[in-house]
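Q: Sequence:
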Amino acid sequence: MPDSASHPLSSSRYSTSKPEHASPPQAAEEEEEYTRLEEWLHSISHGIGAALSLAGMIVLIVLASIAAEVDPWKIVSVSLYGSCLLALYTASTLYHGFRSQRLKRVFQAFDHCAIYLLIAGTYTPFLLVNLRGPMGWALFGVIWGLALGGIALRLIWPQRFNLLRVFIYLIMGWLIVIASDSLTTQLSPTGLALLVAGGITYTVGVLFYALRVIPFHHAIWHLFVIGGSVCHFLAIYTAVLPFET
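Heads up, the sequence shown is in UniProt numbering, so the first residue is 1 and it goes up one at a time.
Since the hints were made in silico from the structure, they are not lab data. Fair warning: this is a prediction, and the values are worked out from it, not measured in the lab. Any given hint might turn out to be false.
The calculated label-pair distances, taken between Cβ atoms and stated as ranges, are [claimed, not checked]:
1) W157 / S100: 36 to 46 Å
2) G145 / L54: 21 to 31 Å
3) I48 / R102: 22 to 32 Å
4) G173 / A193: 30 to 40 Å
5) W157 / E69: 42 to 52 Å
6) M135 / S65: 25 to 35 Å
7) Y169 / G141: 24 to 34 Å
All C-beta atoms in this analysis are idealised placements derived from N, C-alpha and C, irrespective of residue type, glycine included.
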C-alpha cells in the first residue's frame, strides 16, 4: 500500500527515518520495518491487484456500454469505481516497491489518499444506479465530501490529525448503514451477500494489519484487501450492471 542494491529476497531489514517534527503516531508509522522479502511480497501482491483492477474496470465499462439499454450513470459510476480501485493498488505497489525514503513518503501519502477514494468509489455505483434519487444523491455528496476532506487533511497537515483521519475512514465505511433498508430492497440477494462479504473480509484483514507480531502480517493484510475488492467487484457486476433503471 508503498533503488536497488540487494536482491529483493534478502532478509536484511531497513527502517525509515523519523521526520523531524513527526507526531508519535506518524513517527511510529514511518519507522515500521519490513524485510526486503516482505516488501517484495507487498509490492507483488498489490501489483497483481492493480492488474486485476485495470482488467475489471475495462470489463465493467464495456458491459455497461453495450447493454441493450445504455444507462450513462452505470458507465460513469463503474468508471469512477474502477479508477479509484486502480489508484489504490497502484499507490500501494509503488509505496512498497521503492526503497528510497523520500519516494516512499510521497507514495505513502498517495496510498493514504487512495483509501478515501476507494471507499467513496465503491459506494458510487450503488448510490448512482441502485439508490439514485434523494437518498442516493445525499449519500453520494456526503461520502465524497468526507473523502475530499480526509485527503485535504492528509496533504495539508501530514503530521497532524491522525486520529481524525482514521475516524473519517470509519465514518465513511459505516455510512451505508443509513441506507441499509433501501439497499435490501434494491439489491439482489447475491449482490447484497457479496457486498456484506467484502466488508467482513476487509474487517478481518484489519486484524492481521494490527497484529504486527505475526510474521508477514502485512502481506496477509494485502491478501484480505484483494479478497474484499473481489467481493465488491462481483457485487457491482451482479447487482449494479443488471439493475433496470
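Q: For every hint, state whether the structure bears it out.
A: Results of checking the hints against the structure:
1. W157 / S100: 36 to 46 Å: This hint is violated: roughly 24 Å between Cβ atoms.
2. G145 / L54: 21 to 31 Å: Taking Cβ atoms as reference, G145 and L54 lie about 28 Å apart, which means the hint holds.
3. I48 / R102: 22 to 32 Å: Given about 26 Å between the Cβ atoms, the range holds.
4. G173 / A193: 30 to 40 Å: violated (18 Å)
5. W157 / E69: 42 to 52 Å: holds (47 Å)
6. M135 / S65: 25 to 35 Å: holds (27 Å)
7. Y169 / G141: 24 to 34 Å: Violated, at about 18 Å.
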